[in-house]
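Just need the whole structure built from these sequences, with the hints factored in.
There are 2 protein chains.
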Amino acid sequence: LEVCTRCGGRAVYTRRYSGEALCAPCFKESIVSKTNKTISRYNMIARGERVGVAVSGGKDSLSLLLVLDELSRSHDWHLTAFSIDEGVEGYRDEAIANARAITERLGLEHATVSYKELYGFSLDQALDWKEDRSVSSCSFCGVFRRRAIDEAASKAGVSVVATAHNLDDYVQTFLMNLLHGDVERLAWLDPAYSDESFPVRRVKPFMELYEEETALYAYLSGLPFQSVSCPYMHEGLRSEVRDYVNQLEAGHPGMKHVLLKSSLGVVSRFASTKLSVPCTRCGKPSSSGVCNVCRLKEAVNQQINYGDGPPRAGGG
Amino acid sequence: LEVCTRCGGRAVYTRRYSGEALCAPCFKESIVSKTNKTISRYNMIARGERVGVAVSGGKDSLSLLLVLDELSRSHDWHLTAFSIDEGVEGYRDEAIANARAITERLGLEHATVSYKELYGFSLDQALDWKEDRSVSSCSFCGVFRRRAIDEAASKAGVSVVATAHNLDDYVQTFLMNLLHGDVERLAWLDPAYSDESFPVRRVKPFMELYEEETALYAYLSGLPFQSVSCPYMHEGLRSEVRDYVNQLEAGHPGMKHVLLKSSLGVVSRFASTKLSVPCTRCGKPSSSGVCNVCRLKEAVNQQINYGDGPPRAGGG
Numbered sequence: 007l008e009v010c011t012r013c014g015g016r017a018v019y020t021r022r023y024s025g026e027a028l029c030a031p032c033f034k035e036s037i038v039s040k041t042n043k044t045i046s047r048y049n050m051i052a053r054g055e056r057v058g059v060a061v062s063g064g065k066d067s068l069s070l071l072l073v074l075d076e077l078s079r080s081h082d083w084h085l086t087a088f089s090i091d092e093g094v095e096g097y098r099d100e101a102i103a104n105a106r107a108i109t110e111r112l113g114l115e116h117a118t119v120s121y122k123e124l125y126g127f128s129l130d131q132a133l134d135w136k137e138d139r140s141v142s143s144c145s146f147c148g149v150f151r152r153r154a155i156d157e158a159a160s161k162a163g164v165s166v167v168a169t170a171h172n173l174d175d176y177v178q179t180f181l182m183n184l185l186h187g188d189v190e191r192l193a194w195l196d197p198a199y200s201d202e203s204f205p206v207r208r209v210k211p212f213m214e215l216y217e218e219e220t221a222l223y224a225y226l227s228g229l230p231f232q233s234v235s236c237p238y239m240h241e242g243l244r245s246e247v248r249d250y251v252n253q254l255e256a257g258h259p260g261m262k263h264v265l266l267k268s269s270l271g272v273v274s275r276f277a278s279t280k281l282s283v284p285c286t287r288c289g290k291p292s293s294s295g296v297c298n299v300c301r302l303k304e305a306v307n308q309q310i311n312y313g314d315g316p317p318r319a320g321g322g
Numbered sequence: 007l008e009v010c011t012r013c014g015g016r017a018v019y020t021r022r023y024s025g026e027a028l029c030a031p032c033f034k035e036s037i038v039s040k041t042n043k044t045i046s047r048y049n050m051i052a053r054g055e056r057v058g059v060a061v062s063g064g065k066d067s068l069s070l071l072l073v074l075d076e077l078s079r080s081h082d083w084h085l086t087a088f089s090i091d092e093g094v095e096g097y098r099d100e101a102i103a104n105a106r107a108i109t110e111r112l113g114l115e116h117a118t119v120s121y122k123e124l125y126g127f128s129l130d131q132a133l134d135w136k137e138d139r140s141v142s143s144c145s146f147c148g149v150f151r152r153r154a155i156d157e158a159a160s161k162a163g164v165s166v167v168a169t170a171h172n173l174d175d176y177v178q179t180f181l182m183n184l185l186h187g188d189v190e191r192l193a194w195l196d197p198a199y200s201d202e203s204f205p206v207r208r209v210k211p212f213m214e215l216y217e218e219e220t221a222l223y224a225y226l227s228g229l230p231f232q233s234v235s236c237p238y239m240h241e242g243l244r245s246e247v248r249d250y251v252n253q254l255e256a257g258h259p260g261m262k263h264v265l266l267k268s269s270l271g272v273v274s275r276f277a278s279t280k281l282s283v284p285c286t287r288c289g290k291p292s293s294s295g296v297c298n299v300c301r302l303k304e305a306v307n308q309q310i311n312y313g314d315g316p317p318r319a320g321g322g
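Protein sequence lines, in the order shown, are assigned to chains A and B.
Under our numbering, the final residue of the first sequence carries the number 322; numbering is consecutive throughout.
Under our numbering, the final residue of the second sequence carries the number 322; numbering is consecutive throughout.
Warning: the hint list may mix true and false statements.
Stated by the list, open to error - Facing chain B, a subset of chain A residues (Cβ under 8 angstroms, in silico):
(1) 184
(2) 185
(3) 187
(4) 189
(5) 204
(6) 254
(7) 257
(8) 261
(9) 265
(10) 267
(11) 268
(12) 271
(13) 272
Unchecked claim - In silico negatives: residues of chain A with every beta carbon more than 12 angstroms from chain B:
(14) 30
(15) 94
(16) 110
(17) 200
(18) 242
Hints listed in this document are in silico derivations from the structure and should not be mistaken for laboratory results.
Glycine included, C-beta positions come from ideal geometry on N, C-alpha and C.
The structure is reproduced here in structure tokens:
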């Protein structure tokens, strides 16, 4: 059996790209210190800052909450958590309950913002009515979720929002943007990206951690694993990309880190691209005249009103 | 059996991404007109210009020669062909003989420039002596081949050199750069890339054509196929990348074109990155003080001199 290269205990994990073998406590400690390094490397959070943690309730975001909570003491951060309730019956409820249990244990504030209160419809309702198949359920939901996070951050009065995106997520998203021909959006992936029209920064303290490492951290920390996955999840291309990247990493340990480095080098060249036109309806940033939130909201509302209206005449 | 969507003849090829079915003459004609469009879209070659065609003797470069020859009449281009003889016994000789046969048939000049005459050693000799395993044989050879093409272009007095890189090559190279963490080199992939220190432009008229289409064009044109492949070829990562990209294209027809579009969008942001420091030994452009050609040449010569020297003393 392998021995922890740090303390001589029984190793539970081997980092293939570095050769390091780690026991459970040293592994968990390494996750905290790696996250700390990522945060300082990209100047993600300042000393004494008010930080909003976006907590879906899944293993990654709960891990982020634990790690940031541990780091917050020495950095004098003021953490507050919030969850977005998209309104997916039998799925999000469980996750939010998990999030609430952990935040209570840590003694942190926890707010929930729902699509229903923000937009007038739940995701269940919107997808039920959605007829436009040009946008996948995940992209559709993502447009509303990003805005909901902004709203929750404003309410909580934080200057920075931390999300639990890990190295795998980052690299996949980078490649997905290329596969969609969406290079302008690469700007969003810049760790230093900021939009003057919305002063709350977004940071990804786990962006240098493998998905398998955040999962192991969650497991070793006894965090609850969600039993159901989102019923609308349709990954398509992303799961192909995940497979390719995992195969590359398996054959060339450390490849995900190389890809991250390249991605950062590329996105830094797009940092000046901004969504700078204010939406003519809501005033939030948009790439053209009307932002995606207003555009999709209107499409959903048209369907709802149509569905609620009088039944069509005719029909024998 | 499928029918040619252009002339009603018997189709030999179907373009999955467009749905077009084409007979042999219409397919060949489409390759010529697509190449013509690529050349004008990126302003690759000006009317009346002297064009050097880099001909390895493989199917792609021989196809390029045929297509450019056909287009040269209406554009008043002056074509001249050249081959680089790396000095690989039993491999390059056959290819150069093929190149010579085709250029003779077309009535074009054809020059050959060898590593031996330019650098003092053949690739066979250099790789025999090479001990530095940090550079793959293909990267090693590539450094010398690029310089040899520059030399051949200067000799031939052309202002632009056309190489036969196709869409697959382009996209693979783009991704390979990312997987090597080599983002600065992306500048070289810009179709408008130019280096003031070397006034001969490089263009890739086939960069919007699938590899399978250039191969079919070669086959339908009766071009000779090389029977042996380079004995030093070791593709490693590139063949993995080729497989992934081919799988993506199979599942999502047109994906290679999307990737090309994204790649072009990305490389355009790197276009200002130049290899701008003159090499302290040969004066050619380099990224730092000494160019790769001089650096690797010296390493090879040290090995050669060491091997030619007196035998080591001792050894019982």
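* Structure versus earlier hints, numbers of those that do not hold, lowest first -> Violated hints: 5, 18; rest satisfied.
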